[in-house]
Amino acid sequence: MSRFLLGGVAAMLTAAAAWAQPESRTVLGERTPLLAAGADAIRAGRYEDGIRLTAEGLATEILTPQLRAAALANLCAAHAAKGDPDAAIAFCDEAVAIDASNWRAYSNRSYAWWLKGMYAEATADIDAAAKIAPRAPQVREIRGLINEKTLQPRVTMENRQ
Amino acid sequence: MSRPGTLGWLLRRAAAFAVLAAGTAAFESSARETELDPAGVWSCLMYGASGNQRFYLGLAEDGGARMARPAEAHDGQWRDLGQWRRLRDRLEFDDVRNGRLFTASLHRQDLGGTWLGVRDRGGWWCAARALALGDEPPAAVGLLESLVPAIMASPNYPRSAIRDAKEGRTVSCFIVTGAGEIRRPAVLESTDDVFREPTLEAVVRSRYRSWGDDDATLPACRSFTFELGIDG
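Line by line, the protein sequences give chains A and B. For the first sequence, counting from 1, position 116 maps to 116 in the numbering used here; every step adds exactly one. Start counting at 1 in the second sequence, then tack on 161, and there's your number in the numbering used here.
Please keep in mind that the hints were generated in silico from the structure rather than gathered at the bench. Wrong hints could be hidden among the right ones.
Where chain A lies over chain B, by a calculated footprint (3+ residues, C-beta under 8 Å) [what the hints assert, rightly or not]:
id: 1; segment: 197-205
id: 2; segment: 304-311
id: 3; segment: 324-333
We put the beta carbon where it would ideally sit given N, CA and C, even for glycine.
Generate the whole structure from the sequences, applying the supplied hints.
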């Protein structure tokens, strides 16, 4: 699941790039090299590097609110992938406070709630993510994880003879 | 425009129903290339919302169709159903008295399919009897045999269905040998393909108590309802 979320991280940066520099992702990478490198590191599973680079980028690079929220959502994803949901939730809270339309922040926070076994909260966040991005594979994946924990399957049989 | 309940109305409804049945048949586990020869005497089961009913079905080479329920078989009487029809790879006949149209795919190893009534619908399944169609139906006792489940295996709820929060229903029909073993199970109805495989797996793991000699066979069906509840 972590790898799946990290796949989302890469897409997240793509989306963030689109907000910041619609004409060129390369230009965005040049303007926010630390965030780009941080996203790459997180995607590669080097969470500590990714967290450090992203934190540095947040501190030193000039960012739009949307890109700041995306970077915070990346930190949220990295901490969740590390198995630290409390830290993840704090970053996602911050991301959502800056940009309430960042569906990845909701879906990442949903995954963090899921890690903590707090399925009602996970459901509320995945519902919020689904309202913004109903077709996103990450949303469907996390919804599936929640369903597995919260739905009780039952099969009733009836003989016909 | 035919009125509801008339044969013409039934036939038009059947055209749409047949498309559905044909599509479903393509997935049948017991589907095969060669066509089933429907002529002969069959021991059948019909199920629906109103219950289950066993009957003999006699299909003559010349197209004549007859039915005998237990009371009619007890009296040694066939009830004439008119002509059965072969439409491409499908068979159909009408039970006008009860306002039902029966259809079956001939690409299965066993005769059976779905029936459509004025207000309801259901399925039917038959086991072949090694008898030529005669003036009298076989003995009624052959329709009264009770099948007692010895093992009723429950299907596994597919994980993907839980993740997608899917519920559904299936019906599998099969032949039960005199030793109680289940033969040639097919999925006759399925609301979603995800439930087909677990249905068949459960059926093949099931069996009935021995009820007759080695050559005896009876049709039977089992419905499965897959539901999801909220935890806590």
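Structure-based check of each hint:
1. Only when three residues or more bring their CB closer than 8 Å to a CB of chain A does the claim for the segment 197-205 of chain B stand; here the count is 0, and the claim is violated.
2. With 3 residues having a beta carbon nearer than 8 Å to a beta carbon of chain A, the segment 304-311 of chain B meets the requirement of three or more and the stated coverage holds.
3. Counting residues of the segment 324-333 of chain B whose CB lies closer than 8 Å to any CB of chain A gives 4, so the stated coverage by that chain holds, three being the minimum.
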